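Visitor: Chains as they are written, first to last, in this note's numbering: chain A, -2 to 274; chain B, 2 to 259.
Honestly, the hints are just simulated from the structure, not real lab data.
Honestly, I wouldn't trust all of these hints.
[Claimed, not checked] Simulated crosslink set (SDA-like; lysine to any residue; CA at most 20 Å straight-line):
id : chain 1 : residue 1 : chain 2 : residue 2
1  : A       : Lys79     : B       : Asp136
2  : A       : Lys79     : B       : Gly27
3  : A       : Lys217    : A       : Ala196
4  : A       : Lys62     : B       : Pro137
5  : A       : Lys225    : A       : Ile214
6  : A       : Lys77     : A       : Thr33
7  : A       : Lys62     : A       : Asp16
8  : A       : Lys77     : A       : Gly66
9  : A       : Lys62     : B       : Met25
10 : A       : Lys62     : B       : Asn195
11 : A       : Lys79     : B       : Met25
12 : A       : Lys88     : B       : Asp136
13 : A       : Lys62     : B       : Ile24
14 : A       : Lys79     : B       : His28
15 : A       : Lys77     : B       : Gly134
16 : A       : Lys79     : B       : Ile24
17 : A       : Lys88     : B       : Arg140
18 : A       : Lys88     : B       : Gly134
As the structure is a prediction and not an experimental result, all values here were calculated from the model.
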Amino acid sequence: MSERAADVTVEDNLIEIRDLVFKRGDRLIFDGLSMTVPKGRVTALMGPSGCGKTTLLRIVGGQLKPDSGTVLVRGEDVGKLKRADLLELRKDIGMLFQSSALFTDLSVFENVAFPIREHTRLPEDTIRDLVLMKLNAVGLRGARDLMPGQLSGGMSRRVALARAIALDPCLLMYDEPFTGQDPIAMGVVVTLIKRLNSALEATSLLVSHDVHETAGISDKIYIIDDGKVVAGGQSQDLETHESARVRQFFTGSPDGPVPFHYPADKLEYDFLGDVGL
Amino acid sequence: MDLLRTLGDRTLERLSGLGRASIMWGHAVWGLPTLRELPLVIRQIYNFGVLSIVIIILSGFSIGAVISLQFYTQLSRFGAEDAVGLGLALVLLRELGPVMTGLLFAGRAGSAVTAEIGLMKTTEQLSSMEMMGVDPLRRIVTPRLWAGVISMPLLAAMFNVVAIYGGLIVAVQWLGGDEGGYWSGMQENVEIWNDLGKGVVKTVIFALLVTWIAVFQGYDTDPTPEGIGLATTRTVVTSSVMILAVDFILTLSMYGEF
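My request is simple: use the sequences and hints to build the entire structure.
Guide: Printed below as a string of structure tokens:
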């Protein structure tokens, strides 16, 4: 009975992270982080800048190796996969980078066609249809001949999104998808993430610190701080979370346990010097 | 004590850089490009080679003309103007052709490649390629390495030809030397292997050096705007110093026995 229950959890979670420890130089980025990403849902990961959100995506994608702990994607331990298996796994992962990361020497069309050309041997007209379908999904079918340099920030993010879904991945990872977008572009990206997740029957893992947008589309939110998950749940639960730190982050107020001032000497010391002491 | 530590730190840093560069080299050169990757190599030959032609031709012409002018004024004092062609050809084939092409190549193509790859890294293009299951070493680095090794010897050949014609214009058309003497000195005394062949060997070695340094600096760059600037400078400085140092060693081992 218990064995069967274990099976069910593996089946239901696309990603399982257990006791992840990751160091960069001497700095401990993750210190025993554990979390799960349920299949078919949008899961968000939030936390203050520099807390290692992007690093976590890179660990899930196998670009960085954890120092200890396990990261299971589809039941496979990413940290221990051989190079060939890792490349195979990545074909099923679409990732949207913060900077969009479009290939600057290729047109919009060729950017979206790139993963298809690399991994399949489809005839040219099939590729054309596929690419135009993906571009149509993000509303940029008409922009196929533009170069990345001619696109606005919002457009390039949509092209990058079309490229990320080119091979119909089962896992979509978004690194700060809302940063630096105007309100309209932001709204478009929000709807797209939600829509694509259900249309592709994919699982989404989203990293962001835009509370409002993230809360609107996520089924589950994790908040990380100091290398650990400090809270997890639906957005309503987090607004009323018992930890003042979590509440402060979620409501975005300047006052709270997280200090406004960077650690410094006493005020008197800086302004009055020795006289004041 | 502090000095000692800095020295040690620097040495370790250099050594680990060399290690990373060698690993990258190993991965990238593993196997010739496949037929599918051939268009990529050709495109890079265009970037490396074709776009460097103008600077190679201009410099080749000036260098040929200047050396020929110097040789002519000195040699004519002994009535040996006919030796200008031979002297120029030997200097170019053995030393100046490979070295100057190497330096110009490092400045023109090497810096461009470092900046290009560095920018790709900074804008996460390399990462995204990796995340798509495409190996950026094979896709970005390998074609550039091969293109560099193919195009630089061709550029050196062009440099030499243009320089010899530049010399001809100065020594014969302008200063009134004998054209027959200019060519026949070359024809009789330039040896295929000893002069031309060894020069080609040098060029290939310099080409490997420059492309390796350029590609590695780009690939290993600190992903910030300052990082790209620094990496580009390092490419030009390191390649230039390496070319001159290696040239000395090569010349010593090739022609040292006289």
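Visitor: Now look at each hint and say whether the structure bears it out.
Guide: Hints, verified against the model:
1. A:Lys79 <-> B:Asp136: holds (14 Å)
2. A:Lys79 <-> B:Gly27: holds (18 Å)
3. A:Lys217 <-> A:Ala196: Holds, at about 19 Å.
4. A:Lys62 <-> B:Pro137: holds (18 Å)
5. A:Lys225 <-> A:Ile214: The given pair, whose Cα atoms are some 23 Å apart, is violated under the 20 Å limit.
6. A:Lys77 <-> A:Thr33: It holds: about 19 Å lies between the C-alpha atoms, which stays within 20 Å.
7. A:Lys62 <-> A:Asp16: holds (14 Å)
8. A:Lys77 <-> A:Gly66: Distance ~11 Å between lysine 77 of chain A and glycine 66 of chain A Cα, so the pair holds.
9. A:Lys62 <-> B:Met25: holds (19 Å)
10. A:Lys62 <-> B:Asn195: violated (52 Å)
11. A:Lys79 <-> B:Met25: With Cα atoms ~18 Å apart, lysine 79 of chain A and methionine 25 of chain B stay inside 20 Å; holds.
12. A:Lys88 <-> B:Asp136: holds (12 Å)
13. A:Lys62 <-> B:Ile24: Roughly 18 Å between the alpha carbons, so the hint for lysine 62 of chain A and isoleucine 24 of chain B holds.
14. A:Lys79 <-> B:His28: At roughly 16 Å apart (the allowed maximum being 20 Å), histidine 28 of chain B and lysine 79 of chain A satisfy the hint.
15. A:Lys77 <-> B:Gly134: holds (16 Å)
16. A:Lys79 <-> B:Ile24: holds (18 Å)
17. A:Lys88 <-> B:Arg140: Holds, because 16 Å separates the two Cα atoms, which is no more than 20 Å.
18. A:Lys88 <-> B:Gly134: Answer holds: lysine 88 of chain A to glycine 134 of chain B is near 6 Å, not above 20 Å.
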